[in-house]
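With the hints as your guide, set chain B onto chain A.
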Amino acid sequence: MSEVKNNPNIDIDDVYKDVSEWRINTGDIKVVAKRLPGGFRTLKWLGMSIWSLLFLGPYIRYNGSQAILFDLPQRQFNLFHVTIYPQDIWMLSLTLLFFAILLAAVTSVAGRVFCGYFCFQTVWTDIFTLIEGKIEGDTPQKAMKFEKAPWTFDKLSRKILKHTLWLLIGLFTGISFVAWFTDAYQLWDNMFSFQVSLTAIIIIASFTGGTYLFAGFMREQVCFWLCPYARLQGVMYDQDTVLPSYDAERGEPRAKLKKGDDFSKRGSCVDCNVCVAVCPTGIDIRKGQQEGCITCGLCIDACDSIMDKVKQPRGLIRYASFKELHHNAPRIPLYKRFRVIIYGLILLMALGGIVYGFTHLSATEFKVVHERQPLYILLSDGSIQNKYTVKLLNKTKKPIKIHFEIEGLEGATLHELTDMTVEPGKVVPVTALVRVPADKLTDDLIPIVFKGTIDNSTSTISYKSMFMSPEK
Amino acid sequence: MADNKNEPTQVGDTGHVWDGIRELDNPCPRWWLNALYLSGVIVVVYFILYPSLPLVHDSTKGLLGWTQIGEYKEDLAKVQAKRAPFEDKLAKMSVDEILADKEMLNYAIGSSKVLYGDNCAACHGAGGAPAEGAGYPNLTDDDWLYGGTVDEIQMSIAKGRQGLMPAHEKLLKPEEVDQLVKFVIDSSNGVKNEAGHALFTAKGCFACHGADAKGIKEMGSANLTDKIWRFSGEESEIRKTILHGVNDANDKQTRVAVMPQWSQKLAVMLEAKAYAIADGEDPNEIDWSDELDGTEAERLSETDIKKLTVYVHQFGGGQ
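Protein chains in written order, with my numbering: chain A, 1 to 472; chain B, 1001 to 1319.
Keep in mind the hints are simulated off the structure, nothing from the lab. There is no bait here: all hints are sound.
FRET-style restraints, in silico, Cβ to Cβ:
# : chain 1 : residue 1 : chain 2 : residue 2 : range
1 : A       : Trp51     : B       : Asp1088   : 49 to 55 Å
2 : B       : Leu1076   : A       : Gly357    : 38 to 44 Å
3 : B       : Trp1288   : A       : Leu72     : 48 to 54 Å
Pairs of lysine-lysine residues, derived as DSSO-like cross-links and limited to a Cα-Cα distance of at most 27 Å, are as follows:
# : chain 1 : residue 1 : chain 2 : residue 2
4 : A       : Lys309    : A       : Lys287
5 : A       : Lys397    : B       : Lys1102
6 : A       : Lys472    : B       : Lys1227
7 : A       : Lys391    : B       : Lys1102
Cβ coordinates follow ideal geometry from the N, Cα and C atoms, glycine included.
Chain A extracted, bound-state conformation (with noise of 0.2 Å):
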């Protein structure tokens, strides 16, 4: 600062002028990206393709209802046979964590691979502009064309069609999304009898338009400005991380290619734009790594045609980490990347404890709460009542009678409370009182243990708890 005020020759305007250089997209030119077959796009459709379950896993039934239901109302999670309980809540963090840490090993390796394959602002995007593509014309000048064009039957019955999909396209990504939290089979007999719930109606109602405006409209922009995780993977790389980058080295001094040019003498690059041409961000890959790239690979096929053309070889936009372009190191084993080790090694636990969850599901969630006040009763016999508030709720499909016994305090007798029945998801509080004769307590605390033996099976629960007495 102070080098800037005591040099009054520099000019401040000059600091601006690399900046001004940078072309910023801020959506005021709409990109029409053209698309070329290759390698990284039949992997942007496999990925794609996952969102097929969106779709389609509601339908799913198994043992005569639906096989995922996230039943919200009940407050459970069918999956299959099993039922997860919001006790098992614990499970549902470490799943979170597990595909928090992928996304974060995933983008320390190569990148936005989430963004660039998998995001549904990607996914949804491309399909949009593929139908727009092949309805109002898939080069920038076809669709500058059309739209500069007169209205005209032709254009209004196109614009009406293309807006008709997009909208259906975004009903059924709603629907389809209801459908996880409610019987899918009711819900579409419910819409055709107008018997939505208007709970169901404001949430289809949101991703229709919420799709609509978000892969219609505002596309890419959406990753320039509006999504936290492109920032939060952005900052995820480090310099051994492989990108799609542009191999300067080899590729510059860029020109138009010219009959007789010598490639030894020139950069690979003949500058033909069509890796601008093809990004869905409209970006130039060959200013360096930016913000705007989402990885998707789909200029390195858009390059690697180009130069299987002019007979050079591919790779002049590649996967590349930055070590091997500016230092030219040999890429680094995952094995021998600290960072890569540690998500890995998060990731097993999350699996673990995920693994566990699901194996060590128990058929009862059993609880015993002492009362709090009073602490303990005394009884005109001399002898001391805890009292004790039991909960046990019945996570299996089937009404289980219980036996419950005392155990850990000799003398200790339970009343109030014996056998009982729980109705399948229930869960009922009942009271639990443990006297204790005068003579048989040995401390003001001694552990106690609730015993409950299921009927008809071997299966026992217990929980540990206190039976506390005046102190002596």
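For chain B alone, coordinates are given in the frame of chain A:
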């Protein structure tokens, strides 16, 4: 750059320059300005729809007629509508029936928490056990002055209770008091004290506390043979009870122990029913116009007392 309006080299400045850095005079973003104007519109709409401008005695009412108290009452009505089927059912059930019905029992206990907290907890403690040494009866143990069945508990709440023990300061010699104090402590510890028991009988204590000193629940007299003390098991406190009595109007140092009456009307009704049953008559055929004159005080409704009976009964000491 397609849009040059934010181009630093082409925008005017405010004339302020610090360290060679000009303060550019870019307009506010359009969306931001629109949001500002929109919020202004919302304020006007709000002023029209809701009470807003304070006047001398009141305020403008707003087109929607919304009030805070109105919203509260609406919500309250919703809660009451939800409770209504249970309350109606509860009103028709006896306490015994409620105790037998798991669902109604859960409802009664759940809805009595506030009732108990408002009316009972001040003396008897939040969980039915009063603070130590406070001198109020413990509702969680198995020792009941007036009986621990649901009918007896209900009667105690409805009618209120006020025991009476005369002061003995002028009736007994100091050494007789000493002997009685020792007898009471021995009884509680299960130690035989023949001389003490003889004095207990001679001085007429048995008239209220019973020949076996176990108390008579019709009179609400304390059981002297168990481990539970109505007031305190300290020697000096036992002496105080004997010397000054309980609720003795003629002794200024007497212990005051009054359970207020919560429903005179219900108490009269319960008594009339009890007499009718004792006389072999049908309690359903009582002519209430003979029994009630309409002036009976009711601090709590019959249903509330039923709920409290259930609540107290489930503290753990109910019989």
